[in-house]
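**Student:** The residues making up each chain are set out below.
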Amino acid sequence: GESVGLHLPTLSVQEGDNSIINCAYSNSASDYFIWYKQESGKGPQFIIDIRSNMDKRQGQRVTVLLNKTVKHLSLQIAATQPGDSAVYFCAENENRGSTLGRLYFGRGTQLTVWP
Amino acid sequence: EPEVTQTPSHQVTQMGQEVILRCVPISNHLYFYWYRQILGQKVEFLVSFYNNEISEKSEIFDDQFSVERPDGSNFTLKIRSTKLEDSAMYFCASSGGTSGRALYFGPGTRLTVL
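For the protein sequence lines, the chains are A and B, in the order given.
At position 3 of the first sequence the residue is numbered 10 (my numbering), and the sequence of numbers has no breaks.
At position 65 of the second sequence the residue is numbered 294 (my numbering), and the sequence of numbers has no breaks.
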């Protein structure tokens, strides 16, 4: 069943502002999380990932924060640009040893950036 | 930068017909997947494939579905007798090798069943 969900379905921000997209998960055994960006008509594009032994990971203009205590994940986008407008999904994965388990996707948040 | 490719980009078929969706995963990856996304809904797992066999499949992946890696580069999804509810975007993904656990998705095939 569904184990990953989003707090907000839509988020609108002004160009240049920072964006924060949230995600909740329920599977305590999940130990790996990924954020994807999906533009209209395209496949999910990998943004950043984090393992459960970390609380924070930074990439280029993006930061992922993981709070295992409350099973919460967030994606922060700095200086949001119009090109960041897309649907953002979080996905979780449980380590199953020799094979990689399935990804469970959240429903997604539509980010709209206004000039 | 290596990427997953999929063909065709759009497939229209009549109900009951067979379709084959094709994918070329990233070359050094070891794990291959099919996911689908019905319009407006979240991405759903169908099947994973590793070491030339299915490693996991979802409840969606019934006897009408099959996957194959016919050679060293292609990965296919076959739907034997399509139903209206099979209409969706089908995404191929791959992972493993130097990219670790991260799944990289192709651009998708839009399947429309009439």
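FYI, nobody ran anything at the bench for these hints, they're computed from the structure.
Any given hint could turn out to be false.
Derived CB-CB ranges, DEER-like [claimed, not checked]:
| no. | chain 1 | residue 1 | chain 2 | residue 2 | range |
| --- | --- | --- | --- | --- | --- |
| 1 | B | P231 | A | D62 | 43 to 51 Å |
| 2 | B | Q243 | A | N74 | 27 to 35 Å |
| 3 | A | A86 | B | T234 | 30 to 38 Å |
| 4 | B | L259 | A | A36 | 38 to 46 Å |
| 5 | A | R68 | B | S256 | 25 to 33 Å |
| 6 | B | D291 | A | A85 | 41 to 49 Å |
| 7 | B | T234 | A | R58 | 26 to 34 Å |
| 8 | A | I27 | B | K312 | 24 to 32 Å |
Quick reminder that beta carbons are idealized off the backbone N, C-alpha and C, glycines included.
**Student:** Compare the structure with each hint and give your call.
**Tutor:** Here is what the structure says about each hint:
Taking the beta carbon of each, P231/B and D62/A are about 31 Å apart, not inside 43 to 51 Å as hinted. Between Q243/B and N74/A the beta carbon distance is about 50 Å. The supplied range of 27 to 35 Å is therefore violated. Distance hint check for A86/A and T234/B: the Cβ-Cβ separation is about 32 Å, which falls inside the suggested range of 30 to 38 Å. Look at L259/B against A36/A: about 23 Å separates their beta carbons, and that is not inside 38 to 46 Å.
The hint said 25 to 33 Å for the Cβ distance between R68/A and S256/B, and at roughly 29 Å that hint holds. Distance hint check: the CB atoms of D291/B and A85/A are about 45 Å apart, consistent with the given range 41 to 49 Å. Range check, T234/B to R58/A: Cβ separation about 29 Å, and the 26 to 34 Å hint holds. In this structure the hint that I27/A and K312/B lie 24 to 32 Å apart at CB is violated, the actual value being about 40 Å.
In terms of the numbered hints stated before, the structure departs from hints 1, 2, 4 and 8, listed from lowest to highest.
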